[in-house]
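Trainee: Protein chains in written order, with my numbering: chain Z, 180 to 611; chain A, 2 to 582.
Bear in mind the hints are in silico, worked out from the structure with no lab data behind them.
Please note that a few of the clues may not be correct.
[Said to hold, decoys possible] No farther apart than 25 Å at their CA atoms in a straight line, the calculated lysine to aspartate or glutamate pairs in the DMTMM-like style are these:
no. : chain 1 : residue 1 : chain 2 : residue 2
1   : Z       : Lys-315   : A       : Asp-294
2   : Z       : Lys-287   : A       : Glu-174
3   : Z       : Lys-315   : A       : Glu-173
4   : Z       : Lys-287   : A       : Asp-294
5   : Z       : Lys-192   : A       : Glu-174
[What the hints assert, rightly or not] The following residues of chain A were derived to be distant from chain Z, with all beta-carbon distances above 10 Å:
no. : residue
6   : Arg-101
7   : Leu-172
8   : Val-178
9   : Ser-182
10  : Leu-404
11  : Trp-488
12  : Gly-524
13  : Asp-525
14  : Arg-578
Just so it is clear, CB atoms sit at the ideal spot from N, CA and C, and this is done for glycine as well.
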Amino acid sequence: MTAVPKPLLVEVKGLRHFYSGQDHLVLDDVNLELAQGEIVGLLGRSGSGKSTLLRSIAGLIRPSEGIARLVPGPEVPDPSVAMVFQTFALFPWLTVLENVELGLEAQKVPAADRRARSLAAIDLIGLDGFENAYPKELSGGMRQRVGLARALVVNPSLLLMDEPFSALDVLTAETLRTDLLDLWSEGRVPIKSILIVTHNIEEAVLMCDRILVFSTNPGRVVGEIRVDLPQPRDRLDPAFRALVDDIYARMTARTEITAPMRDGLFPGTGIAMVLPRVSTNSLAGLIEEVDGTPFDGRASMSELADSLQLEADELFPMAETLQLLRFAELRGAQLVLTPAARRYAQGDVDQRKALFAQALGQHVPLVQHIRRVLDERASHEAPARRFRDELEDYMSEDYADETLRTVTLWGRYAEIFAYDEEADRFSLEDAH
Amino acid sequence: MSPDRTSARPLPAFSRMLRLTRPSREDAIAFVILAGLGVVFFRAGQGALAPLSALQLEPVRLDPAWLPYYALRTVLRMFAALFASTVFTLVVATLAARSRHAGQLIVPALDILQSVPILGFLTFTVTFFMGLFPGSVLGVEAASIFVIFTSQAWNMAFSFYQSLRSIPSDLEEAAMVYRLSPIRRFLRLDLPFGTPALVWNAMMSMSGGWFFVVASEAMTVGQTTVTLPGIGSYLASAIAHQDFGAVAEAVGAMALVIVAYDQLFFRPIVAWADRFRFEMTASTERPQSWVFDVLRRTRLLPVVLSPLGAIGRLLLAFEPRRSRRRVVGTTAPNPLIERAWQALVLLSVAAALVLTGHAVMRYLVWHDVLTALLLGGLTMIRVIVLIALASLIWVPIGVWIGLRPAWAERLQPVAQFLAAFPANVLFPFVVIGIVHWHLSPDLWLSPLMILGTQWYILFNVIAGASAIPTDLREAADMFGVRGWQWWRQVAIPGIFPYYITGALTASGGSWNASIVAEVASWGDHKLVAHGLGSYIAEATTAGDYARVALGIGVMCLFVLGFNRLLWRPLYAYGERRMRLT
């Protein structure tokens with residue numbers, strides 16, 4: 180085997196993207212090269228801009244800066260893309276066959292040819308006998324098969340997949356993944372490369388030859404992992420587990436690299452910190468889980484994700500919130516509870532609230548800020564609008580809204596302040 | 002509707018039709034229906050193309066034998082208007098949704114046009130269309146059709162625009178990734194997605210249209226009095242001759258026509274359009290239509306639908322040979338062009354304001370404006386009081402019906418029929434009463450305004466009450482919630498958004514109806530109530546364009562003010578606080 184580099188298929192250079200009209204940076208200086216014959220995964224949490232990158236490559240979005248292009252080569256003089264959507268994006272008023280024919284029809288392929296190719300694709304993907312069914316008659320897994328057949332039938336050089344299995348139940352997703360990998364490894368599909376967006380770490384390790392890990396706010400490539408395990412891969416293989424843990428650790432560690440001196444793990448400092456929407460109930464649930472057997476105060480993130488049936492995407496914000504409140508510490512891929520959290524787990528409702536209030540007061544500047552303003556005012560009242568405006572100086576409108584909602588939720592639970600949704604006002608009344 | 006849907010089936014519909022099997026019983030029924038419709042429309046169409054003098058030679062005869070023909074002419078007008086509204090909707094709403102600049106103009110324009118009192122238009126449109134087709138009945142027909150068109154087009158277009166704006170982004174992206182050309186995209190995505198809402202809206206608009214077709218068939222504008230053959234003019238003639246029997250005949254004919262129209266035309270279309278409903282789960286309850294079932298069992302349906310397919314294929318012939326190689330989605334707007342565009346729009350609006358203001362104020366003094374505003378206040382008081390009264394009556398009844406599914410199922414269509422029934426047909430009965438007992442027109446003519454529109458409150462409340470979740474009702478029962486507490490915490494929050502929708506429609510309709518309701522007559526007895534409606538009606542009869550324009554403008558202001566300051570905030574409040582899902 181000679182290590183001749185495979186020809187390039189996709190080239191992304193210095194790509195930056197802002198949300199239109201806002202100065203909110205979604206993607207920052209992303210560089211990516213995709214060679215023929217690889218499956219590459221874009222792994223990151225929601226808000227890391229990985230879908231935006233996928234859409235830039237698909238030509239659905241024009242990036243604010245930089246280029247994302249398909250590279251023509253001797254083998255593929257006219258490279259093309261097809262896309263599989265998280266929500267399937269099937270036209271409910273078209274039959275399976277008509278949905279599959281959609282792209283060919285747009286390319287003006289003659290009817291007979293179109294029919295033959297579509298039927299072949301339907302056959303390949305295992306939907307024989309459902310040609311005349313409407314999408315609503317199919318299960319989720321079968322719908323995604325239609326989405327896959329629709330993408331394959333146009334003979335794309337590059338297959339883009341946007342969280343293709345995340346709307347499916349675990350078993351169905353597994354079957355579909357295996358089927359796709361079989362088709363790919365047996366060379367029965369004409370595609371040259373696959374680019375798949377996911378927030379499921381195990382899925383990425385199962386499918387990809389290479390994984391790019393994205394940070395959030397803004398999205399940057401913070402790590403590249405080559406997966407050399409032979410296909411088919413086994414989840415229980417120790418090498419597989421080690422790789423999953425490694426990725427968890429990298430996704431945790433990146434914050435220390437990019438912001439070593441910061442107070443929190445979230446972008447922004449002081450009151451400008453962007454806070455994710457994490458409910459106090461799920462924080463309590465996570466503390467209890469780690470505090471109890473078998474973890475006893477220390478758990479690896481991948482084991483936690485398994486035992487709580489959570490995606491990394493959901494687990495990370497919770498773990499990081501615990502870290503922000505000094506209820507836990509993330510050491511590599513390990514989540515370790517602090518003594519305060521152990522006390523919290525054992526406490527009754529009032530003790531828990533007191534501990535939580537103390538943590539909020541010490542470590543969440545926005546909570547302190549709101550409380551201070553309320554204390555200073557004679558009426559002990561303040562419109563929430565005022566704080567939202569203040570936050571919007573530092574972050575986008577959506578983030579400001581979400582951050583304030585989160586703080587409201589936490590502050591009300593800890594009884595630091597009260598909030599009247601109707602009037603959109605904070606107050607001190609019945610806060611004690 | 003989608004052009005290739007028949008050919009994409011494994012067994013193309015056309016070859017299915019050509020298979021030499023014996024025609025079924027359903028074929029015969031469908032053939033008879035279609036052939037009958039063809040003959041009938043041909044006959045009615047002949048009348049519309051006659052010279053204008055024929056109208057004078059052949060006035061409307063109060064003979065029940067002629068009623069079917071008159072009914073037909075009226076229906077034909079409705080169809081023509083519906084066709085025009087649909088074409089208008091597909092073109093204008095699609096343009097508004099696809100082009101940002103067009104949208105910036107079209108959307109607010111539609112919003113305002115929805116509040117313009119349609120009957121006030123008559124003065125201008127009759128003159129315009131008679132000038133367009135001098136000496137032909139077609140001009141007057143066109144004016145009448147235009148009135149119906151204005152009662153339908155705006156809200157159909159608005160609803161279609163809203164449908165297009167709510168197309169899920171993944172479908173839009175799929176259309177882009179698979180490079181559907183704009184025309185193909187329209188046929189494959191936009192049109193099917195918008196169809197269910199469009200059909201429903203067309204049906205509701207059609208109900209509203211009956212009111213205006215009746216009002217527009219016998220028009221007097223200044224020196225010109227035109228009577229088009231139709232149910233509305235039959236009725237007008239019956240009123241002028243104080244022929245009570247003829248009035249009853251017209252009312253009966255109207256009821257029959259509305260039922261037939263609903264069963265033969267709209268039910269089948271609603272049943273057909275159900276396939277385009279955007280849902281990924283098969284729903285249990287689908288709309289039923291016996292006509293659609295008959296048609297579906299025949300081999301005639303593909304023939305009936307083939308012209309639609311042909312139009313689609315014709316459109317596709319204009320498709321560019323090769324779609325652009327690489328589609329690029331959102332492009333950043335050029336600030337310079339944006340600025341120039343905004344300036345242009347502002348400038349034209351200002352110019353239009355100055356020009357109309359100048360033209361109108363040449364004939365008017367400020368005193369006129371004051372009078373119109375004052376009369377507007379009077380009509381406003383009527384509308385408010387009537388909506389309040391109608392709510393007091395219909396909300397409890399609607400809730401009672403809505404909570405009993407068996408009743409709701411039977412009475413909901415009745416309420417919808419009542420809303421479709423043109424209330425102006427019933428005005429003479431009230432006028433006879435007022436004349437007989439010497440009552441005050443200022444007070445007793447008022448109920449006419451809400452006669453036709455109160456049903457919107459009723460059927461919306463029924464819909465809202467039936468949508469209150471069973472578990473909430475059971476919980477309320479279990480905790481013994483009853484009396485005022487039950488109304489306050491269960492019923493009113495449950496129906497609130499629905500009630501607001503109904504009340505908004507009813508109040509808008511009442512303003513419009515005031516133009517015919519504040520002036521009513523029976524033979525030589527002419528009753529006038531003081532108000533903005535009678536102001537516009539009398540100015541129309543006198544051919545006083547300036548006052549008509551002023552009246553319309555003031556009424557627009559009142560309706561828009563009502564919508565913006567009262568209904569919208571209430572609706573938003575209901576959506577935010579009281580949506581039970």
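Trainee: Please go over all the hints and tell whether each is borne out by the structure.
Mentor: Now for the hints, and whether the structure bears them out:
1. Distance hint between Lys-315(Z) and Asp-294(A) is fulfilled; the C-alpha atoms sit about 22 Å from each other, no more than 25 Å.
2. Distance hint between Lys-287(Z) and Glu-174(A) is fulfilled; the C-alpha atoms sit about 19 Å from each other, no more than 25 Å.
3. Between Lys-315(Z) and Glu-173(A), the direct Cα distance comes to roughly 19 Å. Compliance with the 25 Å bound is thereby established for this hinted pair.
4. With a C-alpha separation of about 35 Å, the suggested pairing of Lys-287(Z) with Asp-294(A) is violated against the 25 Å cut-off.
5. About 23 Å separates the Cα atoms of Lys-192(Z) and Glu-174(A), which keeps this hinted pair within 25 Å; it holds.
6. Listed as a non-interface residue, Arg-101(A) keeps its Cβ farther than 10 Å from every Cβ of chain Z; the least gap is roughly 12 Å.
7. The Cβ of Leu-172(A) does not lie farther than 10 Å from every Cβ of chain Z; its closest approach is about 5 Å, which violates its non-interface assignment.
8. Non-interface call for Val-178(A) relative to chain Z: violated, since the shortest CB-CB distance, roughly 5 Å, does not exceed 10 Å.
9. With a cut of 10 Å on Cβ distances, Ser-182(A) falls inside the contact zone with chain Z, its closest approach being about 7 Å.
10. Separation of Leu-404(A) from chain Z is adequate, the least Cβ-Cβ distance of about 28 Å exceeding the 10 Å criterion.
11. With a closest Cβ-Cβ approach of about 21 Å to chain Z, Trp-488(A) is found to remain outside the 10 Å limit, as its non-interface label requires.
12. No Cβ of chain Z comes within 10 Å of the Cβ of Gly-524(A); the nearest lies about 56 Å off, and the non-interface call holds.
13. At roughly 59 Å from the closest C-beta of chain Z, the C-beta of Asp-525(A) stays outside 10 Å, upholding its exclusion from the interface.
14. With 10 Å as the threshold on Cβ separation, the claim that Arg-578(A) sits away from chain Z is violated: the shortest Cβ distance comes to roughly 8 Å.
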